[in-house]
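There are 2 protein chains.
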Amino acid sequence: MHKFSGLFFRVFAFLVFGAASLAAQSTPKSLAEKLGYARDAKLVIVHADDLGMTHSVNAASIKGLESGLVNSASIMAPCPWFPEMADYAKTHPDADLGLHLTLTSERVFYRWGPVAPKDKVPSLVDSNGYFQLSWTEPPHIDAKEVELELRAQIERAMAMGVRPTHLDSHQYRLFQNGAEMFQSALRVAHDYKLPVFVVRDWFADHPYLETSLSAGDLVVDHTITIDPGVRPEKWADFYRSALKNLQPGVTVFIIHLAFDDEEMRSATRERDTWGAAWRQRDFDFFTSAEFRALLREQNIHLVTWRELAHAPK
Amino acid sequence: MHKFSGLFFRVFAFLVFGAASLAAQSTPKSLAEKLGYARDAKLVIVHADDLGMTHSVNAASIKGLESGLVNSASIMAPCPWFPEMADYAKTHPDADLGLHLTLTSERVFYRWGPVAPKDKVPSLVDSNGYFQLSWTEPPHIDAKEVELELRAQIERAMAMGVRPTHLDSHQYRLFQNGAEMFQSALRVAHDYKLPVFVVRDWFADHPYLETSLSAGDLVVDHTITIDPGVRPEKWADFYRSALKNLQPGVTVFIIHLAFDDEEMRSATRERDTWGAAWRQRDFDFFTSAEFRALLREQNIHLVTWRELAHAPK
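In order, the protein sequences belong to chains A and B. Just so we're aligned: 1467 in my numbering is position 227 of the first sequence, and the numbers increase by one with no gaps anywhere. Just so we're aligned: 1333 in my numbering is position 93 of the second sequence, and the numbers increase by one with no gaps anywhere.
If you're looking for bench data, these hints aren't it; they were derived computationally from the structure. None of the values given here were measured: they were computed from a predicted structure. Treat the hints with care, since some could be wrong.
One copy or two, either will do: identical chains are not told apart, so a pair holds if it fits within one copy or between any two.
What the hints assert, rightly or not - SDA-like mimics (lysine to any residue), calculated; alpha carbons at most 20 Å apart, straight line:
| id | residue 1 | residue 2 |
| --- | --- | --- |
| 1 | K1330 | R1509 |
| 2 | K1269 | D1501 |
| 3 | K1330 | N1368 |
| 4 | K1484 | A1281 |
Could you build all of it, start to finish, from the sequences and the hints given here?
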């Protein structure tokens, strides 16, 4: 009986621990676990986009960063107000600032163009030498020119004192336009050893994202950004609900900060989406006491791109 | 006696009318006379510079133009807010708008670069691809690159609906840096059949201006612009005195309008000269009831570049 029970125990132990060990092998550590959190922890990057676009965006984003509630952001090197943000990045080396790689100039009365010489990136510019206002479908964009321009943007940023913690893409252009363009971005990211914003939830719509990635590439779990269909008076409701229903894992909130001032209203006056009032609403929510309380109440931890990049592989 | 007096009269008449006719031959019509005014008329162009630089400059300059007291202005095609002014020019074809040809980007936190591909104008750009902040002396600027860039600026402006009435030069760069650069500008002006801002009073310091001009080129008589040494509280005094002591002929007042707002203060924060408060002071004086009264009181007539260009040669 003892012998049998001894054998039984060994068999039982083999079954239990062996299975657990197999499970551990087949389920690699999540990003949360690599960062030292529980597997079901709710981790958030509160990420402001479009820094460098206007002074209003810069001023509001800096104020957001300095509130501690907005904890990451990315900067547009081709934009007129980039030097102001480069100066901020240089004097605030701990700030979690990446580059918002930019291939379009989507406003009508205020515009910018490529960092690379325009005759080297003809598919990216319109007849007046600005980045195109929008891309027709399918976009006649040369991925080689994209890569040249991305490198020019990173080189300008680094020469002006920015040490980017990550790369992402203005208007998601690099992620939504086929394997070739995404692979250009990825090649650049690998060369500069920078993580690039890719979300697991995008794989279903764009399978080439997953198949293009290497083992060492970071992938965040979820992203949340407000929809143009949300009515202004429902703004806080949208974010409140998103925070209360957050899934485990790393979620990037993509937000757009600016003040609803004369400069921003004029720069965006041809349409309200991502306009001055929109950005003021984002600023108001993400610097509010309510947002701070929700983070605490929902047991949400803020993490940065820098932490993600330094997590064990 | 009669005979003698008859002879005397003929001799007298010959002396008087002949001399007058010789005088008329040796003193060509002044610009004022060509415009139909008396030779000693006091004619003024109230000219706002730097349109397109920021939204604040645009908004204040448009308000100045619409007051009727600022009656001419020029636009910077390389600047981020150029599209806003191009749109205004297109929808206000009677406005006297020229091009403020630009070869520098003189601010620190807000910058712009050439319209031509940067690899075609290497002497004009710094290592980050912006126009140079300032030019060292002697400037190592290639006049062929200058000409290429000037043509690119005019082509962009015309493609975007501007029909310039004249050309001038941001920070006077084209007039103060030698014959070769001035002749580049003049060649471009001739090709586009546009008058270029040249002042007779500059000939003493820069003789190549006079020797480079052709018979058909317009030359205005005087120009007045406020000096950085004038204290803010003496601003109106300076202009008051200038208007009360105006010389006969065509005088161009070069003024710089903007509002002393957040955008303009940030764009110019590294130094006060031509800064936000400076430009607000210019705006306040040149849209004031006092300025309007001074024009009337001093019998000063406003003329435009368009009128000058259409005056009989």
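Here's how the hints hold up against the structure:
no. : hint          : verdict
1   : K1330 x R1509 : between (32 Å within a copy, 18 Å between copies)
2   : K1269 x D1501 : neither (46 Å within a copy, 52 Å between copies)
3   : K1330 x N1368 : between (33 Å within a copy, 16 Å between copies)
4   : K1484 x A1281 : within (14 Å within a copy, 76 Å between copies)
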